[in-house]
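At position 142 of the sequence shown the residue is numbered 142 (my numbering), and the sequence of numbers has no breaks.
If you're looking for bench data, these hints aren't it; they were derived computationally from the structure.
Predicted, not measured: the structure shown is a model, and the values here were computed from it.
Treat the hints with care, as some may be off.
As the list claims (entries may be wrong) - With a straight-line cut-off of 30 Å between C-alpha atoms, the simulated DSSO-like cross-links for lysine-lysine are:
| id | residue 1 | residue 2 |
| --- | --- | --- |
| 1 | K172 | K183 |
| 2 | K102 | K164 |
| 3 | K102 | K183 |
| 4 | K26 | K183 |
| 5 | K84 | K102 |
| 6 | K80 | K26 |
| 7 | K84 | K172 |
| 8 | K172 | K184 |
| 9 | K134 | K84 |
| 10 | K26 | K84 |
| 11 | K102 | K134 |
| 12 | K184 | K80 |
| 13 | K164 | K26 |
| 14 | K172 | K26 |
| 15 | K172 | K102 |
| 16 | K122 | K26 |
| 17 | K26 | K134 |
| 18 | K164 | K131 |
| 19 | K80 | K183 |
| 20 | K172 | K80 |
| 21 | K122 | K172 |
| 22 | K102 | K184 |
| 23 | K102 | K80 |
| 24 | K122 | K84 |
| 25 | K184 | K26 |
| 26 | K122 | K102 |
| 27 | K134 | K172 |
| 28 | K80 | K122 |
| 29 | K134 | K122 |
| 30 | K102 | K26 |
| 31 | K184 | K164 |
| 32 | K80 | K134 |
Stated by the list, open to error - The calculated label-pair distances, taken between Cβ atoms and stated as ranges, are:
| id | residue 1 | residue 2 | range |
| --- | --- | --- | --- |
| 33 | G189 | P29 | 34 to 44 Å |
| 34 | S127 | I76 | 22 to 32 Å |
| 35 | T83 | S145 | 23 to 33 Å |
| 36 | E96 | F28 | 34 to 44 Å |
Backbone N, C-alpha and C define an ideal beta-carbon position, used for all residues, glycine too.
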Amino acid sequence: MNDAINQYVNDLAAASPAGAIEYFNKLFPSQCIFSTSLGPEDQVLTEIIATSFPSIRIFTLDTGRLFQDTYELLHITQQKYDTKIEVFFPDSSLVENMVNSKGINLFYDSVENRRECCSVRKIIPLSRALKGMKVWITGLRREQSEARSRVRVVDFDQTQSIIKLNTLIDWKEDDLWSAILAKKIPYNGLQDK
Numbered sequence: 001m002n003d004a005i006n007q008y009v010n011d012l013a014a015a016s017p018a019g020a021i022e023y024f025n026k027l028f029p030s031q032c033i034f035s036t037s038l039g040p041e042d043q044v045l046t047e048i049i050a051t052s053f054p055s056i057r058i059f060t061l062d063t064g065r066l067f068q069d070t071y072e073l074l075h076i077t078q079q080k081y082d083t084k085i086e087v088f089f090p091d092s093s094l095v096e097n098m099v100n101s102k103g104i105n106l107f108y109d110s111v112e113n114r115r116e117c118c119s120v121r122k123i124i125p126l127s128r129a130l131k132g133m134k135v136w137i138t139g140l141r142r143e144q145s146e147a148r149s150r151v152r153v154v155d156f157d158q159t160q161s162i163i164k165l166n167t168l169i170d171w172k173e174d175d176l177w178s179a180i181l182a183k184k185i186p187y188n189g190l191q192d193k
């Protein structure tokens, strides 16, 4: 797999986000999927995918702890682009058991609880969403964090056993907001620049 990933990285060295998505959409038709958290990066990618690659599925995770602004943005985005964004929820019985045994804000109590909460609310639903897919499109950018500074445009996610396409990896904050403003892409006011 490493040789294939390295080849993809080389092939996409000068590709635009749309070019990288097109590359994988042709290579793996019906097996590319985009996960959105409805953040600014993901809104830019939603615009690209919804307008140029409508066959690519878009999904989001509803952890049960989202702000109302996020639900409003989800609704506005689906309307603007006339597209369906699938919503994946955590298993209600797992959430009930976790909250009833450890409390609603268990993630503040310990690293172990934080991992459990993340697994129940995010990782398990994410695995369901990615099942059967070959390429997972994300909005990761290097400048978002130190850990992401080493991420490449194409990586292999060992946990999910899937190719991970990080099309905006080299974008700067200014690139992001220039695209949002120029294309009138809806965004969450809580994340206003």
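Is K26 within 30 Å of K84, Cα to Cα? At roughly 21 Å apart (the allowed maximum being 30 Å), K84 and K26 satisfy the hint.
Does the alpha-carbon distance linking K134 and K172 stay inside the 30 Å limit? Within the cut-off at roughly 27 Å; holds.
So the hint says 34 to 44 Å: do the beta-carbon atoms of G189 and P29 match that? holds, 37 Å
Assess, step by step, whether the Cα of K102 is no farther than 30 Å from the Cα of K26, and give holds or violated. violated, 46 Å
Has the given pair, K122 with K84, been kept, meaning a C-alpha gap of at most 30 Å? OK: K122 and K84 at ~20 Å, within 30 Å.
Between the alpha carbons of K184 and K164, is the straight-line distance 30 Å or under? Holds, at roughly 27 Å.
Would the pair K102 and K80 pass a check requiring their Cα atoms to be no farther apart than 30 Å? violated, 40 Å
Run the distance test for K184 versus K26: straight-line Cα separation, threshold 30 Å. Status holds; Cα separation ~28 Å.
Are K172 and K184 close enough, with their CA atoms no more than 30 Å apart? holds, 18 Å
What's the verdict on K102 and K184, does the C-alpha distance respect the 30 Å limit or exceed it? Violated, at roughly 43 Å.
Next pair to validate is K122 with K26; report whether the Cα-Cα distance is within 30 Å. Holds, because 29 Å separates the two Cα atoms, which is no more than 30 Å.
Below or equal to 30 Å on CA atoms is what counts here, so check K122 against K172. Distance ~27 Å between K122 and K172 Cα, so the pair holds.
Going through the hint list in order, the structure does not satisfy hints 2, 3, 5, 11, 15, 22, 23, 30.
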